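J.: Each chain, written out:
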Amino acid sequence: MLRFTATRLVQLVVICFLISVFAFLLVHLLPGDPTLAILGPNDTPAARAVLLHQLGLNKGLLAQYGTWIVNIFHGNLGASFLTKQTVTNALSVAVPIDLELIVVSQVLALLVAIPMALIAALRPNRAFDRVATTSTFAMLSLPTFVAGPLLVLVFAVTLKWVPATGFNRLSQGLGPNLKSVILPSVALAIGSITVYYRLLRADLIATLQEDFVTMARSKGLSTRYILLRHVMRPSSFSLLAGAGISIGTLFTGAFVVEVLFQLPGIGFQLVQAIYGRDYLVVQGMALVAAVAFVVVNFGVDYLLTVLDPRVRRA
Amino acid sequence: MADSADRYDRRAFLTRGATTAAAVGLAGVGLPSLLAACGSGTTAPPHASSTPGIGIGTPKRGGTVTIGLNSEIDGFLPSASHFDNSGLTYANTIFDTLTVVGADGSAKPYLAQSVVPNTDMTVWTITLRPGVTFHDGSPLNADVLVANMQALQTSALTGQALRGVVDTVAKTGDLSVAVTCAEPIVAFPHYLATQVGYVIALAQLESQNSTKPIGTGPFSLVEWVPNDHLAVTRNHNYWRSGLPYLDGLTYRPISEDQSRENSLRSGTIDLMVTRDPDAIRDLRDNADYQLVLNPNVGQGDMDFVILNTSVAPTSDIVVRQALAHAINVDELVKLFGAGIAKPNLSLFPPGSPYRPADNGYPTYDLAKAKQLVAQAAPNHGGSIKISLATITDPRLLNEVQAIASMWGLAGIQTTVSEIEQVTFIDNLVTGQFQAYTDEMFGATDPDLNYVWLSPTTANGPIALNFARNKDDALETALQTGRTTSDQAVRAKAYQQVDKRLAQDLPYLWASLATWCSIGSNVVQNFNNLTLPDGSKALGFSNGVLDPTPVWRKD
Amino acid sequence: MPELPSYVALESESTLALDSTPGMGVQALQSRLPASGLFSRKGGLGLTFWICLGWVVFMILLAVLASVLPIKAPNFQDYSAVNVGPTARHLLGTDDLGRDLLSRVIFGSRVSLVIGFAPILAGLVIGGAAGLLAGYRSGPADTVLNAVSFVLLAFPALLAIMVIETFWKPVSLFKLTVMFTFVAAPLLFRVIRATTLSFSSREFVVAARATGAKTSRLLLRELLPNIVPAAVSFALIGVAIAIVLEGSLAFLGLSIGLPTSSLGNIINDGVNSNNLTLNPFIALWPSLYIFLLLTALNLMADRLRSYFDLREVTL
Amino acid sequence: MSRWSRRPQLSFPDVGSIEGPLLEVIDLHTSFRTGRGLVRAVDGVSLTLGRGRTLGVVGESGSGKTVLSRSIMGLVPGSNVERSGVVRFSGHDLTAMSLAELREVWGMQVALVFQDPMTALNPVVRVGRQITESLRLRAGLDRKAARETAVALLKSVGIPAPEQRLRNYPHELSGGMRQRVMIAIAVACGPKLLLADEPTTGLDVTVQAQILDLLAAQQSERHMGMILVTHDLGVVANRTDDIMVMYAGRVVEQAPTAELFAHTRMPYTEALMRSIPRLAEASHTRLRAIPGRPPDLAADLRGCRFAPRCPYVQEHCRKEEPPLRAAGQGHLFRCWYPVGSAEGDAALAYNVASRLPAALAFTGTPVRDAAMVAPNGVGIT
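Chains as they are written, first to last, in our numbering: chain A, 1 to 314; chain B, 1001 to 1554; chain C, 2001 to 2315; chain D, 3001 to 3381.
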């Protein structure tokens, strides 16, 4: 096991280094610079020179990258040129929002997709399977930015059950917190249900054709027991891999929902920082999102070796 | 100073929150200097029993209100942060301005006890109100005011705009300061009602801290989480005794117009500021909500297409005339005004003293437009090609496509493009554009727009007069308007400005912006500020609120 | 077509001695084609398959022949009929600029079909080849390709697309396709690598290798037929996601330059400034188009997979 | 607990006390509706099995022997199955039972041993749980008792160090070991009838013998009836009491083992026996395979199903299918020109004379494969 984690750690470091270089270069490719965003029309050459010096942007790219990386190791991700807010502070606002959005939406997606897949796999090509498959396509062709407004129209505006926008932090009580997160999570979950349903259904059908299922039946075990204790585990591998990727990409992929529901998550602040040429915030957010993705997927890889003893030797 | 040239866009959070670079840094809200000859206001039809925004019955103390704004600000430093309409609303909550514009349009003393000019209006003496303290307990005195003024003069953001106005600032007494101007500035009190009029505590000024504001205003800071909320609580020793009524306030910036409207209708917020005509149309006839539109006083923000007069083909006046004649403004506003916005082919709103009877602005005439295109085409390589751009906003994108098809009918090949905010502003400032949509010129006194219109700021690599039109007659009219104290002469001067703009056509006018504040019936008295001298303030204008008089009914 | 339990299938096809593992070589696939031809309901691919195929071909024809069809110009603004529901003149109604929705959806489908299929096909080729190689021949090639795929996936696609767009003006269909390929290729790489890994440990591959088969022959003849079903079903989801992703970009103003329409930016327009309540048709027709396209594609894919995969659930 | 858990009360008398046969199968049919028509996998099979006796079922692939074993248990899944006939097990008709009642029978009364231990054990579940789960859920033992029984079971099937083995996963055991675990699982709840579906096919010969001895030992120790399904005549030769030969879904010959080998009546059975390589023959003698292939079960077959490949075939065989006829005590066969009878020899001679390919192949003397013989006459092994 140690060798497994060791190679993974090395890969993690290499990948994060590549991503940090990638993020840094990309952002500095953007035409224009933060002085324009700060000074606006009063961007006289003199004022610009002063500001560039203040922000340390007059140094060479390599030097800037160097200072950025050194700061990171000291735990200082730098601050926004515009709002003077430290990136860590912005993250302390963004990460809880994204984490909660991702956890609630993916749990919802799994709670819907798993039972559906089980029933569909038990009777492939029968009525339920056909209906479920078609309805998942309907969900797939319903973009988040259509699902969001529809949900708000029904549950917030007409029924007034939940707030239409905004994020109530956990400190304001679980009830209000969940209420503020439920609509964006459902909008996000709709996209994931289809992927999870199709992955799980395909694997379940394959597993249900294995001999050990007939063996289990020949022991007189109930269908429910066989499904949960024998069939689920070997069929959940690609589902897990799918979850890893979908959770990873949601860190920045949820920006549409974050805009619609005014939730300043990582995607939201990343987009804003790009528009404002707020280099340090962009680099900080991009790096954190990327590291989160890598960590999540390495976690999934580890979980796969735990779930499938045959893989452990690899 | 001129009202902020803020951008009307649905992606306000994308742009304004981070950059609001569009604002000159000086956003003015205030009142017309003359008694407004007030035409029928475009306020919503009167409610059953009360006018919207005016409280009924005795004010109730306590409770909190949540207000949804259309954008987030980037800080609380008047000398470094961009105060768009949301910025000014935040500032009105935590700070006070030296003067506030009254319902009659004149700038009345507020934090300042008096603002007195010398005979030729070149030296203005501001005397502060005694016994006023900041939230951190420090006293308000002449030293603090001088420090504030000097900070504004030296700041990269506001310095250039103030150069033409304020020359030197000197303390003349414990509570009085003398400001000498470069030239007679008739509308100086109006400047003190804009971003430069806010006075912040020495502690915040010296540390240049833009996230922890300390002011003299009705509420003091509790917590500011950018793009999420600003929480403030009642300032118990506010210098206006008995005010404010509320215990606290929460501002929530919601950039999506649709989301903000949904938040109001779902009760997530109690009051909102919007400029989306659809929202106004939806809620106008709904008895649960009070709608307060822009007062028909002073100058409202104008929606228009700005043409770059320093670059071909828009440098050719004939082309500009063709473009003006080709736009069917009535149809355009009907399509996008949701029946709320009104076409307004002038710098000034209808009923304003500065609006000439007929400013000669070209009306819609497709045949004439075609003829002008044919006339101008030979000296532009045989055909007129215009690139029309806007920022990422669904209504503006549709508007731009409509204009493009109208110009197409007149034979002008138009390409439409969408540009994100920073590049948009950069192109405006550096003149790398032909035709852009734009929205600005909201101000309580025409002089506040001097820096945007004056040919003196039209040259050099970076020009504040984006259209870069150089018209001497326009400059003389602006100068007389700025320096004469005779109202009749001033009116004639600004009428001349409007006529010149209609001749030179740097701006193709469309309609007045439909600013509106909408509150549920729970929120009372959100547009009924009374000044210390007992008279009524102008109140909500160009998207700026003052929460001081608000109370909660339930 | 109901299937036989595996052990029955084995017995009744004795001489073909199908190996016991689910995967089958290419020769087994050919043997599956029944004597009674492809079209018959009983043995063939079934009517639903051909209906779906017909529908997809119809959609592609519509998109290709759009400019020739007797429909209105997509960008013509008819101010007399703004936000109108389906009428004789405008079969599917008009949008908030009075443009005919039928022609905008058809012209829009041009962009969206390309955006949907091109990056996924490119991704399948690039990701597929890399995936096959990495999955089959683990070792340095695998670790390098895996690391590259990780970096591409981990990097916020949003940042890349936004930077490229502001830098690489104006946005064209080709550029969008290239950008989407960058997103699709690593995803498909990971799926195909995973499937290759699981199949390459199966006996029939080891057996084929034992008979001295060249790697290329082995990859193409043995592994590919088993990987295709999984890859195709994932790719089809990819098509849907790509089309809808283009809509999210339109939401941010980073999509195809206006006024050309794509299904994404029509839907986006249909959701803005309460068009949803005012004129829901704007968002409805393109979403319906995507839904029908996807359902048809996926039914075909499922039909093909179950046709070539004669096994029955034993529970 | 949900309604399924309400256990239907079926009473199964103790093995010793029932009169009559343990298992009685009367005219069992199992067919599958497929795209190519109705595949009649089991086409009318009847058999009886007494307590403690072993019945061998022999046949090529596609003869329906595996479907027979699964049909007896009622384990043939799928919505496209058509079943008829009666399967009476110690007085209860299994074919009339509901799924819930059948589930009472499975495991406790009747058990199944699979052919391929590799796929019949769940690869991701420890061997221990795959044994104890039926002990705990069906036999109602608590965790500790179940573990102890499992260890005892593994010991009884000859697995060394059973405690460690419980923690292993199936892929960590050898083929033989896995088959022993399978048998342990099957006999865990003390079934009265054991259906072994080609239990040794997946194993090498040396392990085969051990597994078959183990099955025999378990059978006698637990006084079980057993049906041993295989395609290898050698397996059933001296381990079964009776043998039933199946061809194309039908029983073609049935007799006590010794009787079948001594007086084979059915040409197919004779051909099967002849195809077993003899030690006596020199190495590399070419094996005698039966030419042709079994019929397509979906086609409507007329006449004797072995006719196309039978060296004794005559016109009568092609026109009318011979019924099962008795040939002495407990010996049935289905042929017009049985082996060893006068008509049989005449038919064979006639066919050889008329140069019928099947007959020639049948009578040709076995020849050594020249290419494989080294110059010194010793076969290249």
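Hints are not guaranteed to be accurate.
With a straight-line cut-off of 35 Å between C-alpha atoms, the simulated DSBU-like cross-links for lysine-lysine are [stated by the list, open to error]:
#  : chain 1 : residue 1 : chain 2 : residue 2
1  : B       : Lys-1342  : A       : Lys-160
2  : A       : Lys-179   : B       : Lys-1385
3  : B       : Lys-1171  : B       : Lys-1334
4  : B       : Lys-1171  : B       : Lys-1368
5  : B       : Lys-1470  : B       : Lys-1385
6  : B       : Lys-1368  : B       : Lys-1536
7  : C       : Lys-2072  : B       : Lys-1370
8  : B       : Lys-1342  : B       : Lys-1470
9  : B       : Lys-1553  : A       : Lys-179
10 : A       : Lys-179   : A       : Lys-160
11 : B       : Lys-1368  : C       : Lys-2175
12 : B       : Lys-1536  : B       : Lys-1553
13 : B       : Lys-1342  : B       : Lys-1499
14 : B       : Lys-1212  : B       : Lys-1060
15 : A       : Lys-59    : B       : Lys-1212
16 : B       : Lys-1553  : A       : Lys-160
17 : B       : Lys-1553  : B       : Lys-1368
18 : A       : Lys-84    : A       : Lys-179
19 : B       : Lys-1212  : A       : Lys-84
20 : D       : Lys-3155  : D       : Lys-3144
21 : B       : Lys-1212  : A       : Lys-179
22 : B       : Lys-1368  : B       : Lys-1342
23 : B       : Lys-1536  : B       : Lys-1499
24 : C       : Lys-2175  : B       : Lys-1385
25 : C       : Lys-2072  : B       : Lys-1334
26 : A       : Lys-160   : B       : Lys-1060
27 : B       : Lys-1385  : C       : Lys-2072
28 : B       : Lys-1334  : B       : Lys-1385
29 : A       : Lys-84    : B       : Lys-1171
30 : B       : Lys-1334  : A       : Lys-160
31 : B       : Lys-1368  : B       : Lys-1060
32 : C       : Lys-2072  : B       : Lys-1342
33 : A       : Lys-59    : C       : Lys-2175
Quick list of the computed label-pair ranges, beta carbon to beta carbon [claimed, not checked]:
#  : chain 1 : residue 1 : chain 2 : residue 2 : range
34 : D       : Tyr-3350  : C       : Ala-2207  : 42 to 48 Å
35 : A       : Pro-115   : C       : Leu-2292  : 47 to 53 Å
36 : D       : Asn-3168  : A       : Leu-303   : 36 to 42 Å
37 : D       : Ser-3079  : C       : Trp-2050  : 21 to 27 Å
The set of hints was computed from the structure by calculation and includes no laboratory data.
No experiment lies behind these values; they were computed from the predicted model shown.
From the three backbone atoms N, C-alpha and C, an ideal C-beta is built for every residue, glycine too.
J.: Does each hint fit the structure? Answer for all of them.
T.: A quick look at each hint next to the structure:
1. Lys-1342/B x Lys-160/A: holds (34 Å)
2. Lys-179/A x Lys-1385/B: With Cα atoms ~53 Å apart, Lys-179/A and Lys-1385/B exceed 35 Å; violated.
3. Lys-1171/B x Lys-1334/B: violated (54 Å)
4. Lys-1171/B x Lys-1368/B: This hinted pair is violated, its Cα atoms lying about 61 Å apart.
5. Lys-1470/B x Lys-1385/B: This hinted pair holds, its Cα atoms lying about 23 Å apart.
6. Lys-1368/B x Lys-1536/B: At roughly 49 Å apart (the allowed maximum being 35 Å), Lys-1536/B and Lys-1368/B break the hint.
7. Lys-2072/C x Lys-1370/B: holds (25 Å)
8. Lys-1342/B x Lys-1470/B: holds (29 Å)
9. Lys-1553/B x Lys-179/A: Holds - the C-alpha atoms of Lys-179/A and Lys-1553/B are around 26 Å apart, at most 35 Å.
10. Lys-179/A x Lys-160/A: Holds: Lys-179/A and Lys-160/A sit about 11 Å apart, inside 35 Å.
11. Lys-1368/B x Lys-2175/C: Given that 35 Å is the threshold and the Cα spacing comes to 41 Å, the pair is violated.
12. Lys-1536/B x Lys-1553/B: holds (22 Å)
13. Lys-1342/B x Lys-1499/B: holds (20 Å)
14. Lys-1212/B x Lys-1060/B: holds (30 Å)
15. Lys-59/A x Lys-1212/B: holds (31 Å)
16. Lys-1553/B x Lys-160/A: Roughly 20 Å between the alpha carbons, so the hint for Lys-1553/B and Lys-160/A holds.
17. Lys-1553/B x Lys-1368/B: violated (58 Å)
18. Lys-84/A x Lys-179/A: holds (32 Å)
19. Lys-1212/B x Lys-84/A: holds (11 Å)
20. Lys-3155/D x Lys-3144/D: holds (17 Å)
21. Lys-1212/B x Lys-179/A: Measuring from Cα to Cα gives roughly 30 Å; hence the hint holds.
22. Lys-1368/B x Lys-1342/B: Cα-Cα ~24 Å, so holds.
23. Lys-1536/B x Lys-1499/B: The given pair, whose Cα atoms are some 33 Å apart, holds under the 35 Å limit.
24. Lys-2175/C x Lys-1385/B: Judged against 35 Å, a Cα distance of about 25 Å means the pair holds.
25. Lys-2072/C x Lys-1334/B: It holds: about 23 Å lies between the C-alpha atoms, which stays within 35 Å.
26. Lys-160/A x Lys-1060/B: holds (26 Å)
27. Lys-1385/B x Lys-2072/C: At roughly 25 Å apart (the allowed maximum being 35 Å), Lys-2072/C and Lys-1385/B satisfy the hint.
28. Lys-1334/B x Lys-1385/B: holds (27 Å)
29. Lys-84/A x Lys-1171/B: holds (32 Å)
30. Lys-1334/B x Lys-160/A: Distance ~33 Å between Lys-1334/B and Lys-160/A Cα, so the pair holds.
31. Lys-1368/B x Lys-1060/B: With a Cα-Cα distance of about 62 Å, the restraint between Lys-1368/B and Lys-1060/B is violated, given a limit of 35 Å.
32. Lys-2072/C x Lys-1342/B: Given pair Lys-2072/C, Lys-1342/B holds - Cα atoms ~31 Å apart, limit 35 Å.
33. Lys-59/A x Lys-2175/C: holds (33 Å)
34. Tyr-3350/D x Ala-2207/C: 42 to 48 Å: Given range 42 to 48 Å: holds, Cβ gap about 46 Å.
35. Pro-115/A x Leu-2292/C: 47 to 53 Å: violated (27 Å)
36. Asn-3168/D x Leu-303/A: 36 to 42 Å: violated (22 Å)
37. Ser-3079/D x Trp-2050/C: 21 to 27 Å: holds (24 Å)
This entry does not satisfy hints 2, 3, 4, 6, 11, 17, 31, 35 and 36, going by the numbered hints stated previously.
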